[in-house]
Each structure stands twice: as C-alpha cells, then as structure tokens.
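Peer 1: Since the structure of chain R is already known, use the hints to place chain Z on it.
Protein sequence lines correspond, in order, to chains R and Z. With numbering that gives the first Met the number 0, the residue at position 78 of the first sequence is 77, and numbering never jumps. With numbering that gives the first Met the number 0, the residue at position 138 of the second sequence is 137, and numbering never jumps.
Keep in mind the hints are simulated off the structure, nothing from the lab. It is possible that some hints are incorrect.
[As the list claims (entries may be wrong)] Examples of chain Z residues toward chain R, derived with CB under 10 angstroms:
(1) G92
(2) K94
(3) D114
(4) D117
[Stated by the list, open to error] Here are the simulated DSSO-like cross-link-like pairs (lysine-lysine), alpha carbons at most 27 angstroms apart as the crow flies:
(5) K37(R) / K11(Z)
(6) K10(Z) / K37(R)
(7) K94(Z) / K158(Z)
(8) K94(Z) / K10(Z)
(9) K158(Z) / K52(Z)
(10) K175(Z) / K158(Z)
[Claimed, not checked] Among the chain R residues that face chain Z by a calculated CB cut under 8 angstroms, a handful are:
(11) R17
(12) L24
(13) K37
(14) D40
(15) W68
(16) F71
For glycine and all other residues, C-beta sits at the position ideal for the given N, C-alpha and C.
Here is what each chain is made of, one letter per residue.
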Amino acid sequence: MTLALDAAYALDPRVALRPEPFGALCYHYGNRRLTFLKSPDIVRLVSSLSDHGSVAEALTACEIEPRRWPAFVDALASLEASEVIRGR
Amino acid sequence: MGASGLVERLKKGLDAPICLTWELTYSCNLQCIHCLSSSGVRDPRELTTTEAKALVEELERLQVFYVNIGGGEPMLRRDFFEIVEHAVAHHVGVKFSTNGTSIDRSAARRLAAMDYLDIQISLDGLDAATNDAVRGTGSYASARRAMDHLAGAGFGPFKISVVVTRHNVAQLDGFKALADGYGAQLRVTRLRPSGRGVESWHELHPSAEQQREVYRWLLAHGDGVLTGDSFFHLNALGEPLPGLNLCGAGRVVCLVDPIGDVYACPFVLDAQFRAGNVRDGGFTAVWRESELFSSLREPDAPGACSSCGSYDACQGGCMAAKFFVGLPLDGPDPECVTGHGAEALAGLDPAARPAPAPGHSRPVTLLRRKPAAAGR
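Chain R with its partners taken away, still in its complex shape (with noise of 0.2 angstroms):
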C-alpha cells in the first residue's frame, strides 16, 4: 500500500472532519466508519492537501521535515484505502 508523492489528492466530500486535542475524528458518511487522525501534524497535511498540486508540495507546506515523510505518506495511504482521502 503506497501512494506516489507526486499525485494530487484531497478529502473526500463524504467526509466530516472533526477538530480534537489529539488530532481529528473523521467520519465517513458513505462508508459509515469513523477514523482517527493522531496527531495536529497529520491533520494539517490532509487538509491542505487540496490547495496543493501533489503530496510532496503539502509536505513542504505543512514543514514536515523529509526524514519523515516514509511515515506521512504511508498514513495517507492508509487514509486512502479507508476512503477518507481521495487522488484528484
């Protein structure tokens, strides 16, 4: 499970994301299944991953360091396979 670095994706319009002290809850009103995104860093790249052409500029955006994008990009395809983001 993997997702190329330069595809372009956001969240799917099914999808409530809900603001936490941990990070979000995200639920999917298709699919019915709630998500936990665990931390602010990753909640700020799934949001913004709309406003940018690829996975790698949302990175670069959000400051994530490169030593840990392997983790960011296997979360989001994580993300993808649970539906609540989507390619664009």
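Peer 2: The following block gives chain Z in isolation, referenced to the frame of chain R:
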C-alpha cells in the same frame, strides 16, 4: 500516538460525543422481555417536535456525527420522519433501530430515498419460535416483512441487529447467511441486564462456554460483523476483538431519553447514572459540566479486579451489567471470562439486586373472558 495512547485519551472524554443514542419515545407495540428501556407506553413528558429539532441543531453545532435513534419504537412517533429529515438536513447522520412493524412498501420507498440514513431491524432468533419467545408473537414475521420491503425498495445494506442470548448463539452463522442473502450487514450486541432485562437476563444470558463460542466467532468474522464494540469484556480470552477496547459511557457516547434526560449510556436508565436534562440549559452543558460525566472521565479504579492479570484486556467489563445484577462497579463483570463474576454472583443474595424500575411497561391487564357465543 499509538492505539493505547488514543484509548487513554478517549477515557478522559471529548468536548462532544462522537455519537449518541436518542430514544425518541417510550411507546412500543412490542414488549420484548429484555427491553433495556422497559418501553411500552408513551410518556406524556416526551420532547415536542420543536424541542427535538432544537436538539438536532445543538448536535450539529457540536459536530456530533450521527445519532442512534431508538425507543420504544421510534416510528410510532407521528413526527418520526420530520425529525429524521431535520437531522439529515443538519448534517447529523441517522441510524435508527426498529422492530420493522411500520415499514410497509411505501415507508420502505421513502426511507430508501434518503441519504445519511441507516436502519437496524431487530431480530433475536433465526426462526419464529426463538425470536418470538423474546420479542413477542408475530414479531419474527413483521421483522422479515420489513426486510423484504427494504430489499424490494432498493434501500441497500440495512442492518440486522441481534442481541446474543443463550438461545441464539448457535444461530450466528445462520444470521450471517440471512444478512448476506439480503445484501444486509449483521450487527450482534451483548445482552445487558437492563430495563426488563433485570429479570430476564438471568435466564437469557449466554453460558460461559457460549461466550467462548461468541468470542471465537467474532474473531473469525472480524470487521465483517458490527458489534458496537460491545463485547470488549471477552478480550480477556486472548487476541483482542476488532474495535475500541473501552467503555465509552459519558466519555465518547451517551444517551438522551424521550423526556430529555441524559444518561451515561443506553444500558443505565437509572437515577444513579442520570447526568441531567436537555431542558435545563441544553445538552452541551450536561455533557461538559455534569458531575456524573466528570467522574466517569477520571482514571478507572480497578478495585477488586486490580490483582487480576486480565484487567488491561477487559477493562473490568460493563458498568451497566454489574450495576443491574447487584455487583459493585469496581468489581468483576457478571460475565467475566475468568469466572470471577460468576463467583461474585453466587455469593449475592438475589433479594439485594436492584428492583426493576416500573419503567414504561404496559400495565398488566387481566385477560377478559370473551362472552360465550350463544347458540352453539
């Protein structure tokens, strides 16, 4: 943050519930012997349509994702569709539980046309004999009729909701096949000794061996079967079941009853677990400021379970289950898989159990003898 860090965070409570159960009415055409809200007769103090809509709007402001609507039988409220449509229009998703009696062809079509709506049809036996012994004569047929109408109307994957009892554990595979046949999803939940279950639980709850069977079955079926994460007490048997391993009562979920009383969870409709009323300053104030909910968000006291190596796995089990069988809240769950609950229960005087509240059960009426037909 790892999964256990998240669970620890959730135990301290959120600013708003993730979802909540909202019983719309105490009125019900059935009298199930395990009804957690002892429903039957409508309460004259039930929330008005205007109050119900105001609650929906408050839940929207709190970003509560969805409500689990139940009762009683929620479809018996004349404004049922009005409330549901108001919720959906205000981005509060609806899952509602029904016995299905009111779902005829036209109701099924109306429901199928709505978005953000889930339906759970209750069924507690795979055949009329098993089901109707718990839910009443004719209830199997009416539930199946509702499923046929929903399937016929193209509703999509509705839920078949089963409360696991000692009489239907052996039917789990059959329930799964029934759900698959309808393109539906199976939901199985734990029987609690709440409401009229205060009395019937002792006869209905699965045996220790059956609990192990339920655990193995749930492990084998994984995410394919919904459970409301209600079987976490079984996690002491080994590998944890899918879902959040915690009691969410007053922390991430709660219940609003038909008259606006807010309780920690659907299974503790008792004054001791009542946090407040939405008519006194709104739901948000109750959720954020009630003493009861604050106390439930304090670190757990393992009490009598502290010396047991399984406490981290089972979290001491279900508060409601302990309370209504007369066990201390910091003691073992009555269905504790290591047997501590059964031991504690055996040492209890049955007379010390909390008396079942009269609730809203229909008054028992003496059968009227029909006048003998003349001339035969």
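Peer 1: For every hint, state whether the structure bears it out.
Peer 2: Hint-by-hint comparison with the structure:
1. G92: 6 angstroms, holds
2. K94: At about 8 angstroms, which falls below the 10 angstroms cut-off, the nearest Cβ of chain R leaves the hint on K94(Z) intact, so it holds.
3. D114: With a closest approach of 8 angstroms, the D114(Z) hint holds.
4. D117: Interface hint status for D117(Z): holds (7 angstroms vs cutoff 10 angstroms).
5. K37(R) / K11(Z): Holds - the C-alpha atoms of K11(Z) and K37(R) are around 16 angstroms apart, at most 27 angstroms.
6. K10(Z) / K37(R): 15 angstroms, holds
7. K94(Z) / K158(Z): 10 angstroms, holds
8. K94(Z) / K10(Z): It holds: about 24 angstroms lies between the C-alpha atoms, which stays within 27 angstroms.
9. K158(Z) / K52(Z): Between K158(Z) and K52(Z) the Cα gap is close to 26 angstroms, so the pair holds against 27 angstroms.
10. K175(Z) / K158(Z): Status holds; Cα separation ~11 angstroms.
11. R17: 4 angstroms, holds
12. L24: 6 angstroms, holds
13. K37: Where the cut-off is 8 angstroms and the nearest Cβ of chain Z is about 4 angstroms from K37(R), the hint holds.
14. D40: 11 angstroms, violated
15. W68: W68(R) check fails; min Cβ-Cβ to chain Z is 19 angstroms, beyond 8 angstroms.
16. F71: 15 angstroms, violated
When held up to the earlier numbered hints, the structure conflicts with 14, 15 and 16 and fits the remainder.
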